[in-house]
Amino acid sequence: MMVGYARVSTEEQNLELQTQALRAKGCSRIYEDHGISGLSFSRPGLDAAIESLKPGGVLVVWRLDRLGRSLSHLTQLLDELGERQVGFYSITESMDTTSAGGRLIFHVMGALAEFERSLISERTRAGLAAARAVGKKLGRRPKLSQIQCEEAVALLEQGWSIPKIATQLEVHPRTLERTLRVCLKRNSETCNTAEICLCVQSELPEVPVDTDAR
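Quick note, this note's numbering runs 16 ahead of the 1-based positions in the sequence shown.
No wet-lab data here; the hints were simulated from the structure. Be careful, since some hints might not be right.
[Claimed, not checked] Quick list of simulated restraints, FRET-style, between CB atoms:
| # | residue 1 | residue 2 | range |
| --- | --- | --- | --- |
| 1 | A40 | E99 | 25 to 33 Å |
| 2 | L93 | E138 | 24 to 32 Å |
| 3 | G61 | R194 | 45 to 53 Å |
| 4 | S161 | L93 | 40 to 48 Å |
| 5 | Q174 | L135 | 51 to 59 Å |
| 6 | G151 | T114 | 50 to 58 Å |
| 7 | D63 | G151 | 41 to 49 Å |
[What the hints assert, rightly or not] In silico EDC-like links for lysine to aspartate or glutamate, alpha-carbon gap of 16 Å or less:
| # | residue 1 | residue 2 |
| --- | --- | --- |
| 8 | K180 | E193 |
| 9 | K180 | E167 |
| 10 | K70 | E99 |
| 11 | K70 | E109 |
| 12 | K41 | E109 |
| 13 | K41 | D112 |
Note that the structure is predicted; figures quoted are calculated from it, not measured. Heads up, the beta-carbon is just placed ideally off N, CA and C, and yes, glycines get one too.
The whole structure should be built from the sequences, with the hints applied where relevant.
Rendered as structure tokens:
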């Protein structure tokens with residue numbers, strides 16, 4: 017049994033060209049996905065098409081990119097079909113995994129997909145190493161700038177509460193407290209007063225933030 021699968025990435029696009037080609041190829045049933053990108057992992061139509069196929073059946077698409085947008089994703093899907101003993105045929109590329117030539121092409125695609133993954137991984141590692149070499153900081157962007165940290169320490173030493181300073185700097189109180197602890201740890205010799213204030217406030221119950229009064 018030959019089962020067709022058609023997909024368009026936007027609701028405005030028309031599936032008629034694909035479905036006509038699939039019917040002409042002899043598909044007894046056609047499953048569709050509307051408004052779904054090839055990069056999406058959730059494709060109900062494709063899932064239903066694969067589930068409907070019994071061993072010896074063939075999944076047919078109009079063009080390879082209807083099945084997947086990346087080589088890695090495509091080979092992963094073809095592997096799944098192979099495990100189910102289901103063949104695959106792409107009309108535009110004349111790729112047929114039920115033939116010896118088609119299976120050879122599939123294995124070449126698998127090797128290229130692995131090569132693609134290796135290149136991406138290598139480029140990522142090289143980029144990170146280059147960034148570290150020039151002193152670029154990696155990871156999540158800090159919530160507070162150094163100037164804001166210094167301002168928070170000064171306000172804390174003046175007796176401001178953590179919730180009030182957090183409101184002033186437009187950050188969450190817990191974020192401010194974590195950042196202050198890091199700042200005070202780095203400058204323990206010069207921020208003793210602020211450190212004591214922070215420790216004392218940490219022992220107190222949380223109170224509503226008063227944005228009007230100092």
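Against the structure, the hints:
no. : hint                    : verdict
1   : A40 / E99: 25 to 33 Å   : holds (29 Å)
2   : L93 / E138: 24 to 32 Å  : holds (25 Å)
3   : G61 / R194: 45 to 53 Å  : holds (46 Å)
4   : S161 / L93: 40 to 48 Å  : holds (46 Å)
5   : Q174 / L135: 51 to 59 Å : holds (55 Å)
6   : G151 / T114: 50 to 58 Å : holds (56 Å)
7   : D63 / G151: 41 to 49 Å  : holds (48 Å)
8   : K180 / E193             : holds (12 Å)
9   : K180 / E167             : holds (13 Å)
10  : K70 / E99               : holds (11 Å)
11  : K70 / E109              : violated (24 Å)
12  : K41 / E109              : holds (14 Å)
13  : K41 / D112              : holds (13 Å)
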